[in-house]
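K.L.:
The primary structure of each chain is shown beneath.
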Amino acid sequence: MELLNNLAVGFTVAMTPANLFFALAGALIGTLIGVLPGIGPIATIAMLLPLTFHLEPTSGLIMLAGIFYGAQYGGSTAAILVNLPGETSSVVTCIDGHQMARQGRAGAALAVAALASFFAGCVATTLIATFAPPLAKIGQSFGAPEYFSLMVLGLIAAVVLAHGSVIKAVAMIILGLLIGLIGTDGQTGGTRFTFGITELTDGIDVATLAIGIFGIGEIIANLSRPQEQRSLVTQRITRLWPTGDDFHRAWPAVLRGTALGSVLGVLPGGGATLSAFAAYALEKKSSRDPSRFGHGAVEGVAGPESANNAGAQTSFIPMLTLGIPGNAVMALMIGALTIHGIQPGPQIMTERPQMFWGMIASMWIGNLMLVIINLPLIGMWVQLLKVPYRFLYLAILLFCGIGVYTVNNSSAAVLLAALFGVVGYVFMRLDCEPAPLILGFVLGPLMEENLRRAMRISGGDPMIFVNRPISLGLLIAALLLCILVALPAIRSKREQAFQEPA
Amino acid sequence: MTIANNGTAMTLGERPEAAGAPFWRVLARKDVLAGALFMTVAVLGLWISRDYPIGTAFRMGTGYVPRLLCWILLGLGGVVLIAGLREAQAQLQPAAGAGWAWRPVVFVTASLAIFGLAIERLGLVISIVLLIGVGAFASRALRPLETVIATLVLIVLSWAIFIFGLGLTIPVWPEW
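One line per chain: the protein sequences are P and S, in this order. Under our numbering, the first residue of the first sequence carries the number 1, and numbering increases by one thereafter. Under our numbering, the first residue of the second sequence carries the number 1001, and numbering increases by one thereafter.
Hint data in this document are derived by calculation from the structure and do not stem from the laboratory. For glycine and all other residues, C-beta sits at the position ideal for the given N, C-alpha and C.
A short list of chain S residues far from chain P (calculated; beta carbon distances all over 10 Å):
no., residue
1, 1043
2, 1086
3, 1160
Where chain P lies over chain S, by a calculated footprint (3+ residues, C-beta under 8 Å):
no., stretch
4, 1034-1041
5, 1045-1051
6, 1057-1071
7, 1074-1080
8, 1126-1138
Assemble the whole structure, with the sequences as input and the hints as a guide.
P.N.:
Pasting the structure below:
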């Protein structure tokens, strides 16, 4: 019954006109950037982060969360109609979704995608509401050594489950940790890596770093690619409602996708993209007739689309309950909390129940809004797909510039973001994933603080991390992950999981 | 986005890959460059932090964690570098030096930097004109008339969103 009470609190917060407005704004912006290829939720949330400074923390978080799961809805639209993934998480939706569209069943594909996402969103919201309180309780019993070990496990897991080279990703984490140290050391008051620049003594803002590396870096990378050919399915979408056969085939796939996405979303490094890829592979494997895949199988849309939305939402669980970001978007959410002076961690739920439950309730409302935004208004989003990237990048560039400037009204931050843009492009060219860097950056100061505290407790003896059972367990889990990923058999499986299933 | 970005992106004005000498091509492999980059940052970090007080494990000084991280980064960078050098000849990646997009790198970065320097003194409107004026060179596809229209639309749009809508205190016009 406590759950119902909590949800009641949440809905009273989420139903205020202001918060409804920000949920709608988030859902609209999310759909917009989800539809548009070339700009993703990470860059968008980074750009809008400075603006949330002017909002109530709850409203700000509601809007940012809406952008993230809204992008999962929008991403499928571009995938189905144009065969272009609006988001990485809808790459697999292209395969069968676009085939359905070419067979004149675009409406059915869009409806299945939206309804599957909505179902998954409802389930994921319930999961967050059910599992967040007990997890936060566990988190509250953690001391500094346990927290440090938990962060180590979180970072390692984030790297193992993401794609690309593990060693490079760990190096990127360390690099992020180092960038996070720039500025004044809170404990001793000494400055570090400031190069004598006064603007750097307060450290680098997470928005500046993320806008530079993801926003600007992505613009450069996109412009360096040849103009893509868009095969827009232009015929009018007449029939939105799927056939009985579609429903019959889709609903088991939705259940499987939701379950898989919910589990993978909670894991660090999981989230939308991994869930979608895994769900497509699962559907293809479990199908009685795998040859239908690639030729417009409705399961190939329903499974991944429910999985990516479930994964996007359950990835909030570790962030909200333990203060550990599992992916770059969650790292930015933690950045948004700290802008408002809110310390992320298990105490949020007890100290700010209004914010916590308000945000969860808003997710359900937001999902409902998204079905309405995406289905009847589909024509509007199709029009947007015709905007060429050469206009889009100018707008993104400008909003990045204004966004960075408003973080702290400083020209230096804009110059820094430009610099990080080049750095981000270099990373992309060298196949170094930038997401772990942001995770390291956000966790850096927290990790150092907990390390220092743990060492104080033990009198400088590092054995404290192995002597405490919970801490030891977490470290063993991290070590096991490292060993697992080094095994040749698992290594090749892991590489396969991120290949486009042709 | 990253998935479709396995280094296959090609730009205009790119030279055929066979042009470089074998030794140069080994050095231009992605992992070799990435490893070298990590090691350079680590060495730089160690050098900068040479005077930071380290303290003891019990009472950590300013330099303890940074130096620890730099040593780890140096090690990891070395592993990446060696793995890159030892890579089997058969799976040679395309050299990372090929297809760098100098045009967007230069103009995107420059436009943002100019915007940052201009916004405080020249105000939002002129800064937008400068940002787009420079940034438009980053794409070859933009036509002059399109650029002018984009500028006007974006000025109106950003005024409506940021100044009128959100009430941000950004100067709109230059201070005379």
